[in-house]
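Let's have the full structure, built from the sequences with the hints guiding it.
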Amino acid sequence: MLYIPGNNPAMIQQGGVYGADSILLDLEDAVALNQKDAARTLVRNMINVIDFYDAEVCVRVNHLSTPFGLADLEAIVPLQPSAIRYPKTESGEEVAELLKIIEQIEDRHGLPHNKMTLHAMIETAMGVQNVFDIASKFDRVDAITIGGQDLTADMNIVYTPDGAGIDFARKRIVMAAKASHIDVIDTVFPDVNDEEGLRRETEYAKRIGFTGKAVINPRQIEIIHDVYTPTDEEVRKAYRIVKEFKINSAAGIGVFAIDGKMIDAPIVTRAEYILRLANVTVG
Amino acid sequence: MLNSLGREIPEYIEGIGKLEPYQGALTKLSKGWMDEPTIPAPNKAYLPHQSKLCNSLEEAILRSNPHNGMTISFHHHLRNGDILLVQTLTILHNMGIRYITLASSSLNECHDPILPYLEDGTVTRIYSSGIRSQLGRAVAMGVLDIPVVIHSHGGRVRSIHTGKIQIDLTVIAASAADCEGNATGSHGKSAFGSIGYAVIDARYAKQVIVVTDNLVNFPCIPLSISQNFVDQVVVVDSIGDASKIATGTTRITNSPMDLRIAKLAADVIEHSGFFEPGFAFQVGAGGASLAVAKFIREKMKTKAIKGSFMLGGITSYCVDMLNDGLFETIFDVQSFDATVSNSLLNNRRHIEIPAALYANPFNCGCITNKIDVVVLGALEIDVDFNVNVITGSEGNVRGASGGHSDTASGAKLTVVVCPSFRGRIPIIKKRVHTIVTPGESIHVLVTERGICVNPAFPELEANLKKAGLNIKDIHDLEIEVDKITGIPAPLEYTDKIVGIVEYRDGTIIDVVHQLKEK
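Protein chains in written order, with my numbering: chain A, 210 to 492; chain B, 212 to 729.
Hint data in this document are derived by calculation from the structure and do not stem from the laboratory. Worth double-checking, as some hints may not be accurate.
[Said to hold, decoys possible] No more than 25 Å apart at the CA atoms, straight line, and that leaves these computed lysine to aspartate or glutamate pairs for DMTMM-like: (1) B:Lys707 <-> B:Asp331; (2) B:Lys242 <-> B:Glu231; (3) B:Lys694 <-> A:Asp260; (4) B:Lys677 <-> A:Glu443; (5) B:Lys694 <-> A:Glu265; (6) B:Lys514 <-> A:Glu442; (7) B:Lys510 <-> A:Asp403; (8) B:Lys510 <-> A:Glu412; (9) B:Lys510 <-> A:Asp435; (10) B:Lys514 <-> B:Glu487; (11) B:Lys514 <-> A:Glu412; (12) B:Lys694 <-> B:Asp595; (13) B:Lys676 <-> A:Asp435; (14) B:Lys512 <-> A:Asp441; (15) B:Lys512 <-> A:Glu412; (16) B:Lys683 <-> A:Asp260; (17) B:Lys514 <-> A:Glu443; (18) B:Lys514 <-> A:Glu405; (19) B:Lys677 <-> A:Asp441; (20) B:Lys677 <-> A:Asp230; (21) B:Lys512 <-> A:Asp403; (22) B:Lys510 <-> A:Glu405; (23) A:Lys245 <-> A:Glu265; (24) B:Lys505 <-> A:Asp403; (25) B:Lys510 <-> B:Glu487; (26) A:Lys309 <-> A:Asp348.
Given below as structure tokens:
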């Protein structure tokens with residue numbers, strides 16, 4: 210997911226060419242206070258004009274407690290991007306209130322309530338505490354994300370390369386997402402020149418269950434794709450598991466073995482997930 | 212008359228002579244010989260122990276028979292740090308010499324101070340591979356009555372062999388030289404690496420002056436320029452602005468756009484069918500072009516592929532790849548940073564070559580003929596894959612033919628990398644302003660918005676599609692980009708021709724018309 214400042218027309222125009230799975234047009238932290246109106250107008254005018262190719266387009270609005278949040282929703286919701294990303298989400302009640310406003314705007318424009326989704330950003334200690342409510346109670350919340358910089362600020366700690374301070378939050382957020390069967394996106398890696406550090410952190414995020422990672426520079430996309438793309442060996446293995454599973458299922462066999470190792474439902478599920486990532490189908 | 216690309220070429224231009232239209236990239240070469248005869252090199256004799264040292268550049272020029280209508284040449288290895296060209300022309304101007312033909316291997320922004328000499332008749336004709344900045348603007352606006360001739364690096368050698376360019380005096384900057392004129396660019400405080408473009412000038416100029424800021428004991432090694440061609444030697448405080456000659460090491464761009472294009476280009480190369488052990492490779496020194504080397508380097512390591520040679524303008528990145536053992540050899544006609552000079556001097560697998568060996572089409576085989584893959588840039592490219600690297604979107608002369616058409620002609624795979632638009636200006640056009648390299652030499656265009664394969668190479672297209680790369684028809688990409696940028700209003704020209712673009716075989720591939728004053 211590539212962050213693009215909403216007040217930068219050149220970057221928005223080129224947003225789709227870098228191969229990101231998702232483009233996030235930002236009206237919040239990437240935009241200075243005196244540029245908020247300009248950014249909102251620019252994003253509103255460009256979002257349906259620019260070809261972002263295969264990328265999903267999301268817009269991060271300002272929080273409703275700011276003077277800009279409601280105006281952002283009024284401008285962006287009618288355009289129905291793939292998703293609205295909401296910052297500093299702290300509770301299920303807050304999400305309910307936000308969705309009420311969104312649906313009122315949709316009603317005024319004759320829009321359905323089931324097209325555009327909501328990504329909730331968890332960026333405060335309170336948000337971490339309430340993350341399961343946020344993730345599980347609303348059909349329109351199809352992803353949650355962690356905002357590392359704001360979270361460390363809220364916790365009065367310094368972000369360190371090993372991510373020690375936010376490790377609990379990361380894992381709690383991942384677990385809430387998994388329990389709710391929605392996506393979970395890791396925070397950005399701020400040092401764009403540290404490719405090794407980015408790779409290490411992305412590998413860690415993948416290991417503990419994040420389904421993707423946000424980036425602040427297009428140069429970071431390749432590494433994240435590289436980490437998240439299954440290797441040829443993984444795909445071959447997954448293909449074999451799913452194929453054997455289909456054959457055995459047809460014969461009424463639930464558990465079987467490949468090369469002496471037991472294959473049961475969880476392993477098949479994981480293999481199917483790898484094949485989905487690799488765009489491979491088993492005939 | 213029309214050439215084979217449909218460009219209108221005059222049969223004759225006063226001051227230039229009869230013109231031959233371009234008929235195809237290999238049409239003239241396929242004969243196996245050059246139609247024009249070669250001229251003999253100058254006939255000279257020196258007495259034993261005769262001193263060649265002069266007290267000043269002015270004294271050396273005075274000894275070199277300066278005269279009206281003379282042709283004077285320079286190399287451009289010091290790039291934008293060169294000061295000798297301006298100094299020499301100022302001396303000639305002050306001597307009252309007029310109607311000079313300037314035949315520098317290229318012209319940069321640092322040469323803008325000679326503009327008054329174009330305006331007052333000191334310089335009346337120019338042959339060069341590139342013209343930029345104020346000079347380029349002035350040329351486009353018609354400052355000279357006789358059109359400038361833009362040639363390729365290989366074509367320049369041919370022009371000197373045939374006498375189309377007959378050099379009366381060449382002034383060769385060298386970062387080290389001895390009292391006899393043995394000279395090099397590979398060491399000294401102003402080291403600039405290879406001096407390959409100057410070799411043909413030294414061989415054919417009636418008078419040869421070597422200018423150095425580093426007189427070393429005889430003999431100066433290596434003998435990049437050898438004493439048997441040198442008439443005079445001048446020692447000066449400085450041959451140029453060292454900070455603009457060769458600084459540090461060349462860095463890979465941080466531009467996400469350039470890196471994106473470079474990554475796609477590297478993917479194209481990987482799946483083209485030419486990325487295999489023993490492949491020969493050339494990349495440029497800037498932006499996306501050099502960044503391709505970064506990705507190719509990674510792919511070579513991953514796939515354990517070792518190449519044969521790298522060629523051309525050499526950067527420290529090329530040297531690193533040589534030192535990594537990824538290539539056997541570097542052939543260096545032009546160097547781009549201090550690290551390259553050190554390698555050129557100390558590594559016997561890093562070989563200095565003259566422009567004739569680099570790219571002259573009329574010999575028994577220049578090294579560009581052996582390139583497998585070359586990555587080139589473009590100011591514009593059209594839907595027929597013709598490339599413009601000489602005139603900008605505003606119509607000014609602002610680039611260089613350089614080795615573009617030479618390498619494109621020789622390579623099995625020529626990859627052009629460029630953004631689909633710059634600023635608000637589309638780079639993919641229905642018709643480029645000026646053709647420098649013909650589309651038949653270009654195999655594939657790589658932009659951030661897609662990859663376009665020349666339909667003349669269906670096997671390549673099939674290979675790339677099989678690899679899952681995003682292949683688009685160039686016409687579709689042109690339309691897509693026009694939708695983003697709009698179509699710029701056409702430039703307005705007069706009928707006056709201000710430049711002719713010579714293809715490497717000496718035929719005329721295009722002309723540049725005078726821009727209308729606004």
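Hint check: B:Lys514 vs B:Glu487, CA-CA at most 25 Å. Holds or violated? Distance ~9 Å between B:Lys514 and B:Glu487 Cα, so the pair holds.
B:Lys677 and A:Asp230 were given as a pair; does the straight-line alpha-carbon distance stay at or below 25 Å? The hint holds at about 22 Å.
Does the alpha-carbon distance linking B:Lys683 and A:Asp260 stay inside the 25 Å limit? The given pair, whose Cα atoms are some 15 Å apart, holds under the 25 Å limit.
Assess, step by step, whether the Cα of B:Lys677 is no farther than 25 Å from the Cα of A:Asp441, and give holds or violated. holds, 17 Å
Below or equal to 25 Å on CA atoms is what counts here, so check B:Lys514 against A:Glu443. Judged against 25 Å, a Cα distance of about 19 Å means the pair holds.
Checking one constraint from the list: CA of B:Lys242 to CA of B:Glu231, max 25 Å. Satisfied? Holds - the C-alpha atoms of B:Glu231 and B:Lys242 are around 16 Å apart, at most 25 Å.
For a C-alpha distance cap of 25 Å, please report whether B:Lys514 and A:Glu412 respect it. holds, 23 Å
For B:Lys510 and A:Glu405, compute the direct alpha-carbon distance and say whether it is at most 25 Å. holds, 18 Å
Next pair to validate is A:Lys245 with A:Glu265; report whether the Cα-Cα distance is within 25 Å. Holds. A:Lys245 to A:Glu265 sits at ~23 Å (cutoff 25 Å).
When you check the alpha-carbon spacing of B:Lys510 and A:Asp435, does it fall within 25 Å? holds, 14 Å
Can you confirm whether the C-alpha distance between B:Lys505 and A:Asp403 stays at or below 25 Å? holds, 16 Å
Given pair status - A:Glu405, B:Lys514, alpha carbons within 25 Å: The hint holds at about 21 Å.
In this structure, every one of the numbered hints holds.
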